[in-house]
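Q: Based on the hints, put chain B in the right spot on chain A.
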Amino acid sequence: MNTTTPPPLPDAKPEPQPGRLSVLTLLKQPAATVGAAVARGEETALTVRFTVSAVLCLAVFGLVLGTYASGAQLWAVPLKVAGGGLFAALLCLPSLIIFGVMGGMDLGLRRALLLLSGMLALTGLMLVGFAPVVWLFSVSTASDNFMGFLAVVIALLAFIIGSRAQWKMAAQLGLRQVGGLCLWTVMFIFVILQLTCTLRPLIGQYDRLLHVNEKRFFITHWVDRGK
Amino acid sequence: MRRVTVSGQLGELCRGRGDGLQIFLQRGGARWLVFTAGAAILGNFAYGLGLGGARSLVMGLMVGVKLPLVIFLTLAVNALLNALLAGALGTGLGGRQTLRLLTLPFGLMGMILLGLAPVAWFLAWHAPAADGDDYKIWYPAFLLLHTVGIALAGILAHRQILPQVRALAVTRARGTLVFFVWLAGNLFVGAQLTWLFRPYFGSPGLPVQFLRDHPLEGNFYEAVLHSLRAIF
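Line by line, the protein sequences give chains A and B.
Numbering of the first sequence is given in numbering that gives the first Met the number 0, commencing with residue 0 and proceeding in unit increments.
Numbering of the second sequence is given in numbering that gives the first Met the number 0, commencing with residue 0 and proceeding in unit increments.
Only chain A is shown next, with the shape it has when bound in the complex (with noise of 0.2 Å):
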């Protein structure tokens, strides 16, 4: 009987190594790129690109968000989002360090500063590719309430994005145990969610940057505009 031996199975396919790094190459590789970028000693050079993307990506997703209200809501809104988004970053820096190298992280100020930097400018780059849907209704709705909750919405599903490429990350630099990364999520997306209120007015009319003397929490804001 005449048999024939089958092909070998071929290995298993290693995860091709990006050219340049950038954020496009974070979206499609996270871990790979993260990695790539330790390897070749380049962490502080993809922090810069990457800071500098999610300012660029968050000021037009600022921009668009803008056209809502339009006058002087178009240049405040895009400082507001882009300022907001680094300002988060920074507040939930310290204790990214502590829960990563809890979870077993090798990480520093460095390292801690490609993560956030990385899932700032992903995020970024996701409320870009959603821009062009807020765009729309910002020129069809009239209804603040309905803006605010489609911004919102947005946002958090791009930071979904961007912290699932964080989480890829960080299992790249040795993360083993997740509790305390998971902590550290739910806590930048209530500091993002208070920001809402802090950088009021972000929807609707431009009356002043910003309302610093009323101090106000987020829940009791939500409410109050919904009424």
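Derived from the structure by calculation, the hints contain no laboratory data.
Any given hint could turn out to be false.
Unchecked claim - Listed below are the simulated PhoX-like cross-link pairs for lysine-lysine, each with C-alpha atoms no more than 20 Å apart in a straight line: (1) Lys27/A with Lys167/A; (2) Lys214/A with Lys135/B; (3) Lys135/B with Lys226/A.
A: Quick look at chain B alone, frame taken from chain A:
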């Protein structure tokens, strides 16, 4: 001889492993004890400043002093019981070893709270005026948020010593058992001590003071139930 840096020690503490940590757990060492106590004081002070700072700076400073006190009193109140339980459950851990093991999570909890302190300050900055209507909604939410945050920080910090307890105990199962008994005891006592040292940012209408006029009235668990009812 290898130079021990603060950041290296912090890394060992956070990971719950490392040469220095092993030597401390086996034979003791003043340096580690000072380091964990210092971490507990610093972290709890920084977080307490944010917690009480929601009401006023004076309140923030008071809470910055009270939180480390609560931590050390929890350790002290449970010290004898925890050592006895370790013996009764047949772990083979002695009294000193138990005490050394249990100082670690309190130090690590301090580091976690130090990391969370900027967020606590950020939230405190948003506190509405204590005599306004918004404060009545904000207060229970803020109370619950910090209660959950501090409890999770405590649980995560304790979780880091679980491998060490298992390794040092006679069997892995007994190590696991005694760990959960210690954790439950520390959470239970810690929560009630926290209650006794109230106020932390002050119920609406009540003055800023270091301790309430009748600090021993009521308990922590009733207060949480009350807050939940106020929100929902």
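Q: Each hint needs a verdict: does it hold in this structure or not?
A: Verification of the supplied hints:
1. Lys27/A with Lys167/A: Holds. Lysine 27/A to lysine 167/A sits at ~11 Å (cutoff 20 Å).
2. Lys214/A with Lys135/B: 14 Å, holds
3. Lys135/B with Lys226/A: The hint holds at about 18 Å.
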